[in-house]
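Top line first, the protein sequences correspond to chains P and W. Position one of the first sequence corresponds to residue 1 (UniProt numbering), numbered consecutively onward. Position one of the second sequence corresponds to residue 1 (UniProt numbering), numbered consecutively onward.
Hints are computed from structural coordinates only; laboratory data are not their basis. Note that the coordinates shown come from a computational prediction; the quantities given were computed from them, not determined experimentally. Even glycine gets a Cβ: it sits at the ideal position worked out from N, Cα and C.
Which stretches of chain W does chain P cover? Using the computed rule of at least three CB atoms under 8 angstroms from a CB of chain P, they are: (1) 192-205; (2) 237-250; (3) 254-265; (4) 278-288.
2 protein chains.
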Amino acid sequence: MAATDPQRIALIGLGTIGMSMAALHLSRENTIVDVFDTRPDIKEYLLQTLPNFLANNNPNSDQSPTVNGLIASGRLHIHATLDSACASATIIQEQGPENLAFKQSIWAQVESTAPATAHFWTSTSGIAASAQQADMADKTRLLVVHPFNPPHIMPLLEIVPSPSTAPERVEFAREYFSLPPGESRHRPVVIRKEIPGFVGNRLAFALLREACYLVQEDVVSVKDLDTILMASLGPRWAGNGVFESYQQGGGEGGIKAFLEKLGGTMQEVWGGLGDVNVLGSEKTEWKRRVIQQTDEAYGTLTKEGVWEKEERLKDFIRAQERRYGGEK
Amino acid sequence: MAATDPQRIALIGLGTIGMSMAALHLSRENTIVDVFDTRPDIKEYLLQTLPNFLANNNPNSDQSPTVNGLIASGRLHIHATLDSACASATIIQEQGPENLAFKQSIWAQVESTAPATAHFWTSTSGIAASAQQADMADKTRLLVVHPFNPPHIMPLLEIVPSPSTAPERVEFAREYFSLPPGESRHRPVVIRKEIPGFVGNRLAFALLREACYLVQEDVVSVKDLDTILMASLGPRWAGNGVFESYQQGGGEGGIKAFLEKLGGTMQEVWGGLGDVNVLGSEKTEWKRRVIQQTDEAYGTLTKEGVWEKEERLKDFIRAQERRYGGEK
Numbered sequence: 001m002a003a004t005d006p007q008r009i010a011l012i013g014l015g016t017i018g019m020s021m022a023a024l025h026l027s028r029e030n031t032i033v034d035v036f037d038t039r040p041d042i043k044e045y046l047l048q049t050l051p052n053f054l055a056n057n058n059p060n061s062d063q064s065p066t067v068n069g070l071i072a073s074g075r076l077h078i079h080a081t082l083d084s085a086c087a088s089a090t091i092i093q094e095q096g097p098e099n100l101a102f103k104q105s106i107w108a109q110v111e112s113t114a115p116a117t118a119h120f121w122t123s124t125s126g127i128a129a130s131a132q133q134a135d136m137a138d139k140t141r142l143l144v145v146h147p148f149n150p151p152h153i154m155p156l157l158e159i160v161p162s163p164s165t166a167p168e169r170v171e172f173a174r175e176y177f178s179l180p181p182g183e184s185r186h187r188p189v190v191i192r193k194e195i196p197g198f199v200g201n202r203l204a205f206a207l208l209r210e211a212c213y214l215v216q217e218d219v220v221s222v223k224d225l226d227t228i229l230m231a232s233l234g235p236r237w238a239g240n241g242v243f244e245s246y247q248q249g250g251g252e253g254g255i256k257a258f259l260e261k262l263g264g265t266m267q268e269v270w271g272g273l274g275d276v277n278v279l280g281s282e283k284t285e286w287k288r289r290v291i292q293q294t295d296e297a298y299g300t301l302t303k304e305g306v307w308e309k310e311e312r313l314k315d316f317i318r319a320q321e322r323r324y325g326g327e328k
Numbered sequence: 001m002a003a004t005d006p007q008r009i010a011l012i013g014l015g016t017i018g019m020s021m022a023a024l025h026l027s028r029e030n031t032i033v034d035v036f037d038t039r040p041d042i043k044e045y046l047l048q049t050l051p052n053f054l055a056n057n058n059p060n061s062d063q064s065p066t067v068n069g070l071i072a073s074g075r076l077h078i079h080a081t082l083d084s085a086c087a088s089a090t091i092i093q094e095q096g097p098e099n100l101a102f103k104q105s106i107w108a109q110v111e112s113t114a115p116a117t118a119h120f121w122t123s124t125s126g127i128a129a130s131a132q133q134a135d136m137a138d139k140t141r142l143l144v145v146h147p148f149n150p151p152h153i154m155p156l157l158e159i160v161p162s163p164s165t166a167p168e169r170v171e172f173a174r175e176y177f178s179l180p181p182g183e184s185r186h187r188p189v190v191i192r193k194e195i196p197g198f199v200g201n202r203l204a205f206a207l208l209r210e211a212c213y214l215v216q217e218d219v220v221s222v223k224d225l226d227t228i229l230m231a232s233l234g235p236r237w238a239g240n241g242v243f244e245s246y247q248q249g250g251g252e253g254g255i256k257a258f259l260e261k262l263g264g265t266m267q268e269v270w271g272g273l274g275d276v277n278v279l280g281s282e283k284t285e286w287k288r289r290v291i292q293q294t295d296e297a298y299g300t301l302t303k304e305g306v307w308e309k310e311e312r313l314k315d316f317i318r319a320q321e322r323r324y325g326g327e328k
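Looking at chain P on its own, in the form it has when it is part of the complex (with noise of 0.2 angstroms):
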């Protein structure tokens, strides 16, 4: 079966990532998505939340579908058992607690019932998928789909096989994420060695560690460092990666020459990045101030913050699509 032909998407965990990626499956044509979730009052919990997310599917149209009109027109199922759920799927996807016995323990059950071709995808941030699969009979079968909050609107997904996934596991992943061709909102990108973290988290997680560092050394607040990011490598960031950024930044020489002309500031810098932890009882004093200050700076976002962040998240992901027509 190929990533174009009509897919059936069972979504194990109805949280608020589940959430977001159902949105995702049922903005695109020819498909059909089953929910499984445990809580009991899921059908009124999917009526009551699932609207944000659709409704975000749709920027030009007040027009979103209703969870009762995909339920009635047969494009959603709620499903009681995760049997049921997995019954006639040809892709079964599970974002469920980040717990390592839970995982091996779902896959090995859907295995025992799935249908036999179907792709098997774990949303984790955090379990590789060979940690997972231990107790599986067949481990080509299962990789990494790793989004990025919202991810029906964050267009990255990491997509990481262990070393047992079969190469047409990983490429159907990759084209179904990639459709239509030329227009799809959504960018995957293979990861080709498992590793923790991955790579968007490894990214964010070094940048997160020396900005905890230099707020714990007073250097600068926690609004303030803030404030730089989204002044500087925020907007620069969304229109370069960093390697291309400095690419430009050295001119005529490209990178090597931004190397050689930066490099003793950078040496410097490296040797010296913060050394701060945060598990244990050790090097962990920067806990208390940056927890602080930011709930200090920022409190519990509102729902109007949260959607005017999102409305603003989608402007840029816009602009990053924009065509200028040629030099000025």
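Given chain P, work out where chain W should sit, using these hints.
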């Protein structure tokens, strides 16, 4: 003299940053700009280059001032000597070579010739004010104003005083770049302590180091890493800083809940971050691979390419300021 008063800015060094800074200052009302550069063809160079930067000052207008017009109206003066450029300045801003001996010598000379009240700003990315002022008699006047490329578009200016810089000098610089109140395109941030790379480049280089390591280990290609950044962290950090993002990511529990939930993965990532160097001969295997892949992916950016990237950058910055009129 208040930052709101008319200012006369002497710019020492007219490379790319200096040219962009000239456009920044000339875009404001009530400024006169005096330039000095050692290149013999400085007038031809200004006539040829400055218009590209001035055009960016008026995104909604085709009517950019011409260089000859600015000279004729007395808003722009080209000087043959440093002393003449500084003679009537209220602000002297230096963007010469990143060389400590050069900067120490320039500031000693400037101090001996400039009006006694003039403010001294250095656009260095790597040499602290406390090091630059070694040969000055009065160490209260100099501070770093570190811009991000290109400064006439990029909002951030890092203001980094030395321990000897007078607080009113710091406040003057902050206020100058905040004008007009509520309308300035720029966002000056005061850094509380001198530290190599200041804040913006420390954060950028922390992320870059991990990026280089991941390319070295063949986890991901240069091009795919850039795609990952543009499809997730770039637009996220253009809309929120890193702390606000994780405050939101933690839901009602804020960043504290986020650190608890993701702490295991985060500590694993922090403990295994790549250890690579840019100088010396050890741990520099990444360089050949990164330079080669970056050259292959991007080549030399064309003039059209740079122009399009600057237009897109302006769109991101405009989108940051947009208001969305409350909840949907």
